[in-house]
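Construct all of the structure, not just a fragment, from the sequences and the given hints.
Residue numbers (the numbering used here), protein chains in the order written: chain A, 1 to 285; chain B, 1001 to 1295; chain C, 2001 to 2291.
Because the hints were derived from the structure by calculation, they are not lab data. All of these numbers come straight from a predicted model, not from anything done at the bench. A virtual CB, placed ideally from N, CA and C, is assigned to each residue, including glycine.
Listed next, the stretches of chain C that the computed footprint assigns to chain A, with coverage defined by at least 3 CB atoms under 8 Å from CB atoms of chain A:
#1 2175-2187
#2 2205-2217
#3 2248-2260
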Amino acid sequence: MSDILLRTSDLSFGYPERNGLFRKPALREVIKRVDLAVPRGSVLGLVGESGSGKTTLGRLLVRLLQPTSGGIQFDDVEIGQLDEAELRPLRTRIQMIFQDPQSSLNPRLRLGTTLTRPLGVHGRLRGQRDQRERAAALLDLVGLPPDFADRYPHELSGGQRQRAGIARALALEPDFIVADEIVSGLDVSTQAHILLLLKELRARLGLTMVFISHDLSVVRVLCDDVAILHHGEVVEYGAVARVFGAPQHAYTQQLLAAIPLPDIEPGWLDDAPPPVTSQQQGSAA
Amino acid sequence: MADLALGSPVARQSRLLAGLKRGGARLWIGAALVAVLVLAALLAPAIAPHDPLEQDLMSAQLPPAWMVGGDPAYLLGTDSLGRCVLSRLIYSARTAVAVALIAATLAALIGVALGLFAGSFGGWVDQLISRLIDVWMAFPPVLLSIVLAAVIGAGLTSVIAAIVVVDWTRFARVVRAETMVQLTRDYAAAARVIGMSRAKLLRLEILPNLVPLLVTLLAVEMGIAILVEVILSFVGISVSGDTPTWGSMIAEGRQIVYQAPWIMALPIVCIITSVIGLNLLGDGLRLALDPVQRS
Amino acid sequence: MTATLAVEGLKVAIGAANVLRGVSLALQPGEVRGLVGESGAGKSMLGRAVLGLLPANATIISGHIAFEGRDLLDMRETERRGLLGRRIALIPQDPMTSLNPVKRVGAQIGSLLRHHLGLSKPAALTRATELLTEVAIREPDRVLSLYPHEISGGMRQRVLIAMAFACDPGLVIADEPTTALDVTVQRQVLQLVERLRRRHGSAVLFVTHDLGVVAKICRSMTVLHAGRVLEEGQTADVLARPRHPYTRALLAATPRADRPAEALRPVPPALIEQLWSEAHRLDQPAIAGPA
Chain A
1 MSDILLRTSD LSFGYPERNG LFRKPALREV IKRVDLAVPR GSVLGLVGES GSGKTTLGRL
61 LVRLLQPTSG GIQFDDVEIG QLDEAELRPL RTRIQMIFQD PQSSLNPRLR LGTTLTRPLG
121 VHGRLRGQRD QRERAAALLD LVGLPPDFAD RYPHELSGGQ RQRAGIARAL ALEPDFIVAD
181 EIVSGLDVST QAHILLLLKE LRARLGLTMV FISHDLSVVR VLCDDVAILH HGEVVEYGAV
241 ARVFGAPQHA YTQQLLAAIP LPDIEPGWLD DAPPPVTSQQ QGSAA
Chain B
1001 MADLALGSPV ARQSRLLAGL KRGGARLWIG AALVAVLVLA ALLAPAIAPH DPLEQDLMSA
1061 QLPPAWMVGG DPAYLLGTDS LGRCVLSRLI YSARTAVAVA LIAATLAALI GVALGLFAGS
1121 FGGWVDQLIS RLIDVWMAFP PVLLSIVLAA VIGAGLTSVI AAIVVVDWTR FARVVRAETM
1181 VQLTRDYAAA ARVIGMSRAK LLRLEILPNL VPLLVTLLAV EMGIAILVEV ILSFVGISVS
1241 GDTPTWGSMI AEGRQIVYQA PWIMALPIVC IITSVIGLNL LGDGLRLALD PVQRS
Chain C
2001 MTATLAVEGL KVAIGAANVL RGVSLALQPG EVRGLVGESG AGKSMLGRAV LGLLPANATI
2061 ISGHIAFEGR DLLDMRETER RGLLGRRIAL IPQDPMTSLN PVKRVGAQIG SLLRHHLGLS
2121 KPAALTRATE LLTEVAIREP DRVLSLYPHE ISGGMRQRVL IAMAFACDPG LVIADEPTTA
2181 LDVTVQRQVL QLVERLRRRH GSAVLFVTHD LGVVAKICRS MTVLHAGRVL EEGQTADVLA
2241 RPRHPYTRAL LAATPRADRP AEALRPVPPA LIEQLWSEAH RLDQPAIAGP A
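Okay, here's the thing in C-alpha cells:
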C-alpha cells in the first residue's frame, strides 16, 4: 500500500472548439499537465481565482470528467480512462462535497432520503428502519439533530445545508474527498464551525482530502500542502508553511499580497492599480 | 450550535397548510369547479332529472324555468326534440371527463418519457426526438382526427388517439428542456459521484423536480382535450349516435340560436367553466407545490 | 460641521421581524466607515434605508436619517429621488444584475449623466469617457460600446464605481462591492474606491462582512448584530483593542493567511444566544404606567 493515495501525472483536460467547417476541432485546454501527489491522510489545498480551472480539476479527480490526456492513479490504480461501469465500485471510496448546498441537495427530497441515497445505490440499506438509523447517525456526525432528516433543504440555514452536504459525502465512508469551495459565501462564524468540523472529521475518520478554495486564509487553516493554480497550470506546489512563508512564484506572491489581513497597513491602498483592457481575462467574478 | 437558530422543527401538517395557503384562491376555485365537473360525470344517473335521450315533442324548445314560458320540470329548458337540456349537459360531462383524463394522461406518459430521454441522452437520441417533435407539432389535431375517423371510424377512440398523437409533443418539449436544466444542477452531479445509474437518476432525482411543472401541464392539457373534443363533436366525428356532448349540443343549438339561444349558450358556459377550472387548479397546484424549491 | 449622514435610533421591521433595532450612526464629510456584520445583521438594510430602497413590506417604525442636515424620511418623494444617484450614490454588490443587460455601457452611463446633470448627448459621451479613464479602464471608447456581458466582472464593477462617483456625491454607500470578486481584483477595486473618494471628497459607508477589507480601507467602523450597534470607533482601535466580546470573537474566528491553523476559534454559540435574547428584549415595548 503506497504512501500516496491520489496521484496525477501530466493531467490535462480541454474542450473541443469548432475550428472552421472542415478542420478537426481544436482543443481549448483548461487543465494543463498537472502533477499532484496527495499522501494518505493529508489535505491538499487547491487555490486559484476564477478561470483558473480549479473546479474542473476537482471534477476530474472524482471522475465526473474524463481527462483528455495524462493519468490519475487512485491507490495505485489508473482511473483516468475507466468507464462508468468500471468506476462504480470506486465511487464508494471517492466522494465530493459541492460548493452550493442549495443546488447540491435535491430540493424536492427530504434530507434523510438524500443522505442515505448513496447507501441505497450501493445496496447497503436494509429497510426503512435501517435508513432512519443511518440518517440519524450521519446527521449526528456533522452536529445536526436527528429530526432534521424530515426537513427539506430550503428549511435549513446555509451552514446547516453545508453540513448536510458533508454528511452525504461521508455516507459511504470514503477514503478520499474533494471539497469544492465549501465555505465560500458563509459567514465568518459559520465558516469557522465548518472548518473545525472538517478538521475533526479528518482526524477521526482518517480522510484524505483535496480542498478547493480561492481563499488562501482558509487554506492555511486546514491544509498540509497547497497547489496554486493559474490558467490551468500549477505554478507553485509545496507544504503550506513553505509556500506561505517563502512563495517562489510571482503569482503566489501577488495573491498573498492582495489578501486584506485585518491589520492596519497604511501603504496597502497606495499602489496605483494597473489599467485594465476589455480583453483581460481571469478577473471575472 | 450558532447556526441552528431556525426555530422549531417544521411539522408535516404545517407544510401541507402552508402549501394550501400558497395555492390561494386559484387552488380553491379551481378545485371546486373541477370537482363539480367530475361529480357531474360520476353521478350523472343519480343527479340528472331526466333521461337525456328521452324525447317529448310536446315540450320542445322550452326556455329555462326562470324565464317566461319555462317549466319547472325542465330547469334549463329543452331542445328541439324536447330533451332536457340540464340532463344532457350533465351527461355530456362524462364524455368531457373521459376524454380529458384518458387523452391527457396518455399524452403525458408518452411525452414525459420521450422528453426525459431526449433531455438526458443528448446526442443523436435528442436530435431524433426533437425532429420528431417538430414534425408532429405541425399536425392540427382536428385534421388528424378526421383522417383517423376515416380510417378507424368515428368515435371516442379516434378523438383520444388524435389528441394523444399530437399533444405528447407539448409535454416532451417542456420536459426535455427542464431535464436539461436540472441535469446541470449540482445534485445531479452529486448523484453521479455516488454512482447512480442514469435510469435511477432520472427516476429518483430529476422526476421529483419536474412534478410542479407536470401538474400544470396536465391540467392545461385536460382543458385542451376538452376543447378538441368539443370541436370534433361539433362537426360530428366524436361519439356516435345520441350520446349527448357539449359540442353536438352547440351544433344543434346553432340552427335555432334566435329562437332558443339557451341551447347553444349553456353548453358554452359549461365548457368555459370546465376549462377555467382546470387551468386554475393547475396553477394553484403549481403554486402550492413549487415553492418547496424557492423558499 | 454638519454630519454628512446622521442616523438616529432607526427601527425598521419587515413584517413581524425587526431588522434594525434602534441604530445610530454618524458620518462626517469624507469619512470612510465600515459597517461590519454577518448575514442578517441588518447592514444591507441600513444602506437601503438611507437610499430609500427598502422592500415594499418594510416599515420604518421610528428614528431619523439626515443627509447633510436634511431629514430624508420627511422629504417629498420627488426631492429624495433627485438625491439618489447624484448626491447619494450606491456601489452595489452584484454588477451583473445592476447593469441593464440589453443596454450598452455607454448608454447607461449616458442616461445617468443626462438625467442628473442635464448634459447634452455629446457632452455626456465626453464625460463618460473621462469617467472610465478615471477608473483606469484603457480604451474607454471601446468599453462604452460594449454590453455588460461582454466585459469582465472586475471591469463591470469599475463601471459601477464610475457611475457612483459621476455626479460628485457627498455620500457613497458601497454594499459589499468586492465580495464576489477575486482577491487580486478586490485589491484593485479597493484602491480605486479610495482614490476616487479622495478626489471627490465623498464620505463612504462601506458595508461588508470582511474585517480585512475594513482594516484596509475604513478609517472608522461600526459592528452590527441583530440590528444593533455593538461596537464602534476608529478601526485601528477596535481591531487592536476590541471591547465587545462579539468583536473579539469575530476576530478570533477570522482565518489569517499569516498565522497557522491552531489560532482559529469559532464564535461561541452561547454568546450568539445571549446577543439574540438581548435583542429580543429590546423588542418588548416598555411597560406603560398603571392604567
